[in-house]
Amino acid sequence: MIDLGPHAVFIIWAYIGVAAAVVGLIVWTVVSGWRVEGRIAELEAQGVRRRAEKAS
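Numbering (my numbering) for the sequence shown: 996 to 1051.
Calculated from the structure, these hints are not laboratory results. Wrong hints could be hidden among the right ones.
Claimed, not checked - If you anchor each label on the Cβ, the simulated ranges turn out as follows:
hint, residue 1, residue 2, range
1, Gly1019, Ile997, 24 to 34 Å
2, Val1004, Ala1040, 52 to 62 Å
3, Val1043, Gly1019, 28 to 38 Å
4, Glu1039, Val1004, 48 to 58 Å
5, Ala1015, Ile1035, 41 to 51 Å
6, Ile997, Val1043, 51 to 61 Å
7, Val1004, Arg1046, 47 to 57 Å
8, Ile1035, Gly1012, 28 to 38 Å
Just so you know, even glycine gets a beta-carbon here, dropped at the ideal spot from N, CA and C.
Kindly generate the complete structure, drawing on both the sequences and the hints.
Take a look at the structure:
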């Protein structure tokens, strides 16, 4: 293993913290996407459409 010197514990915990933050952001984004998709499905079931969508 690479010698990180006397600050090895801090460096390792810093990497763990950053990894946890990145995983948390990914999970948050995925869950938010699921919620938005669910809300869109609800609105479409009610007949609500996008304003920009052309009626055919």
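Hints versus structure:
1. Gly1019 - Ile997: 24 to 34 Å: 27 Å, holds
2. Val1004 - Ala1040: 52 to 62 Å: 54 Å, holds
3. Val1043 - Gly1019: 28 to 38 Å: Cβ of Val1043 to Cβ of Gly1019: about 32 Å, so the range 28 to 38 Å holds.
4. Glu1039 - Val1004: 48 to 58 Å: 52 Å, holds
5. Ala1015 - Ile1035: 41 to 51 Å: Because 30 Å falls outside the window, the suggested range is violated.
6. Ile997 - Val1043: 51 to 61 Å: With Cβ atoms ~57 Å apart, the hint holds.
7. Val1004 - Arg1046: 47 to 57 Å: This hint holds: roughly 56 Å between Cβ atoms.
8. Ile1035 - Gly1012: 28 to 38 Å: Taking Cβ atoms as reference, Ile1035 and Gly1012 lie about 35 Å apart, which means the hint holds.
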